[in-house]
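Following the hints, complete the assembly by docking chain B with the ligands onto the known chain A.
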Amino acid sequence: MKRDIGFLRYLIPVVVFAAALVLWEWRVHASGISPLVLATPSDIWTALFEHWDVLGPALLFTLKITAEAFVLATVAGVAIAVLFSLSRVIEWALYPFAVVLQVTPVVAIAPLLLIWIGYDNVNEVLVVLAWIISFFTVLSNTVTGLKSADHNLTDLMKLYGASRLQILWRLQLPSALPYILTGMKISGGLALIGAVTAEFVAGSGNDLGLGWVITLSTRNLDTAQAFAALALLSVLGIAILFALTGLEWALLHRWHESAVKKQS
Amino acid sequence: MTTRDGDAFAGHDSVFYCVNMSLLTLSGISKKFDNGTQAIARLDLDVADGEFLSLVGPSGCGKSTALRIIAGLLTPETGMVTFAEPKPPIGFVFQEPTLMPWATALSNARLPLDLNGHHRGEANDRAARALARVGLAGFEKAYPRELSGGMKMRVSIARAIAAEPKLLLMDEPFAALDELTRQALNDDLLKLKREDALTVIFVTHSVYESTYLSSRVVVMTPRPGRVAADLALNPPAERDESYRLSPQFTGDAGRVSVALKSAMAAA
Ligand SMILES: Nc1ncnc2c1ncn2[C@@H]1O[C@H](COP(=O)(O)OP(=O)(O)O)[C@@H](O)[C@H]1O
Ligand SMILES: [Mg+2]
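Chains A and B are the protein sequences, given in the same order.
Going by the working numbering, the letters in the first sequence line up with residues 1 to 264, in that order.
Going by the working numbering, the letters in the second sequence line up with residues 1 to 267, in that order.
So here's chain A without its partners, still in its complex pose (with noise of 0.2 Å):
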């Protein structure tokens, strides 16, 4: 019986979504909606293949800008929030910072970045957006982590002459890993999301991300590669999120309760 359910947790959701682009399918083709509103599976799917050499390089290099927004905002956020736990006047003076970039629209700062960086560097100002867009939320997720680790642990490493560095990387950073491993699976999302804007507003250099192909798509009327684009964008934000939900699981499963509650 509980195999039947398992079973059906991943037939579920196939036969529903194969149901929907069927539904789509018909449903463009029966009331003659013009394929520049709005094309088919069926034409998204052609133009995949017909498209791929403009695709193809535009999913690698959207890809390429999340990538790097991601590891530098992982990076950058761990490293800040430590250095806010081991000085809370650090913290108190920076924290303002972190949050100015955070709430500020990063559409807003866009024509700045390409001012002070220089419009022959759009890729660094595309990574640099994607950062600012994707690197908050590690850094608060870590703050809230390093602060969750249990006070009498703490106190039983000072009673054995724990160091301020050792109570960090024994007790602090373990504690965290779960909080950090959340805020990274938001990251990376926001990363993708943010690559893709930041070409809506700053535009491309030389390469060309999947962002810039929707934007030129639909400005050619060719909404088929648009919404192949769109596909491929999906595709990717799906691939992340398993990719991280996959280390969480690697890093957690032995240990954490969470990970204890999705095995049974």
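Source of the hints: derived by calculation from the structure; they are not laboratory data.
Check before you lean on any hint, since a few could be wrong.
Said to hold, decoys possible - One side of the interface only, derived from the structure: several residues of chain B facing chain A at Cβ under 10 Å: (1) Met80; (2) Gln95; (3) Pro101; (4) Ala103; (5) Leu111; (6) Asn116.
As the list claims (entries may be wrong) - Here are the computed lysine-lysine pairs in the DSS-like style, where the Cα-Cα straight-line distance is at most 27 Å: (7) A:Lys147 - B:Lys32; (8) B:Lys261 - B:Lys87; (9) A:Lys147 - A:Lys185; (10) A:Lys158 - B:Lys166; (11) B:Lys32 - B:Lys261; (12) B:Lys32 - A:Lys158; (13) A:Lys147 - A:Lys158; (14) A:Lys64 - A:Lys185; (15) B:Lys191 - B:Lys87; (16) B:Lys87 - A:Lys158; (17) B:Lys141 - B:Lys87; (18) B:Lys141 - A:Lys158; (19) B:Lys261 - A:Lys158.
Model, not experiment: these values are computed from the prediction.
Just so you know, even glycine gets a beta-carbon here, dropped at the ideal spot from N, CA and C.
Same frame as chain A, now just chain B with the ligands:
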């Protein structure tokens, strides 16, 4: 009754020293927290080497605060803690097992040794021995979530004894355990105490637990805590189920119980 210092030895310094050397002395300890709570009014206590001292008293009377002051984790507002020289190494056991969930039983027991910079191999050996002594041989690789409440507490005790302390501070360590597990751990604790010649300060709510374990029971008043009564017990070195039924045990438990009730009433 205050301490058990024998007047018979007065004037014979050397003899006095050997028999009743005090391991630590609390003199005039008081503690007021920043929020204004006066946790301890005035605490004077002389703890002899090798003693098993239970601290009993109503919830909130400052027992945990007293243990933390002894461990050096809190500074008293007034008064001081004096230790015998050299200062005895301290082990601490909390009410919760307080284990690192990401670390195996062995790594948890090894923590004090790691922090003191012992070599990995030696630390592993000593932690494994400590686990074996609390009945957890074979569970070295288990994670805390795979262990029962009693087993987790055993890991916590193994961690405390791994660094070979002389003074063991325990803050209601068995309060959350079922009665049978608690009794088993009581017997194991007495064995460890005997084998390692430990001095134990044991906080508990339970009249029976304190009577079974202790050579001395200190009863505290409700907050702000003071010593209300200081009872010397004289249990046999080897204790088992039959001791719980003995007239001595029931008599001692009665005395502790009466002292606790009058401490409550006096407040
Ligand atoms: N860090 C703290 N700040 C303020 N009040 C505290 C703190 N720790 C304990 N207290 C208060 O001090 C009193 C004694 O606490 P505690 O020593 O934990 O009592 P016990 O262990 O005997 O139950 C309680 O009223 C408690 O609320
Ligand atoms: Mg307490």
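Tested hints:
no.	hint	in the structure
1	Met80	18 Å, violated
2	Gln95	9 Å, holds
3	Pro101	5 Å, holds
4	Ala103	8 Å, holds
5	Leu111	7 Å, holds
6	Asn116	7 Å, holds
7	A:Lys147 - B:Lys32	25 Å, holds
8	B:Lys261 - B:Lys87	36 Å, violated
9	A:Lys147 - A:Lys185	20 Å, holds
10	A:Lys158 - B:Lys166	18 Å, holds
11	B:Lys32 - B:Lys261	25 Å, holds
12	B:Lys32 - A:Lys158	22 Å, holds
13	A:Lys147 - A:Lys158	16 Å, holds
14	A:Lys64 - A:Lys185	17 Å, holds
15	B:Lys191 - B:Lys87	24 Å, holds
16	B:Lys87 - A:Lys158	16 Å, holds
17	B:Lys141 - B:Lys87	34 Å, violated
18	B:Lys141 - A:Lys158	25 Å, holds
19	B:Lys261 - A:Lys158	37 Å, violated
When held up to the earlier numbered hints, the structure conflicts with 1, 8, 17, 19 and fits the remainder.
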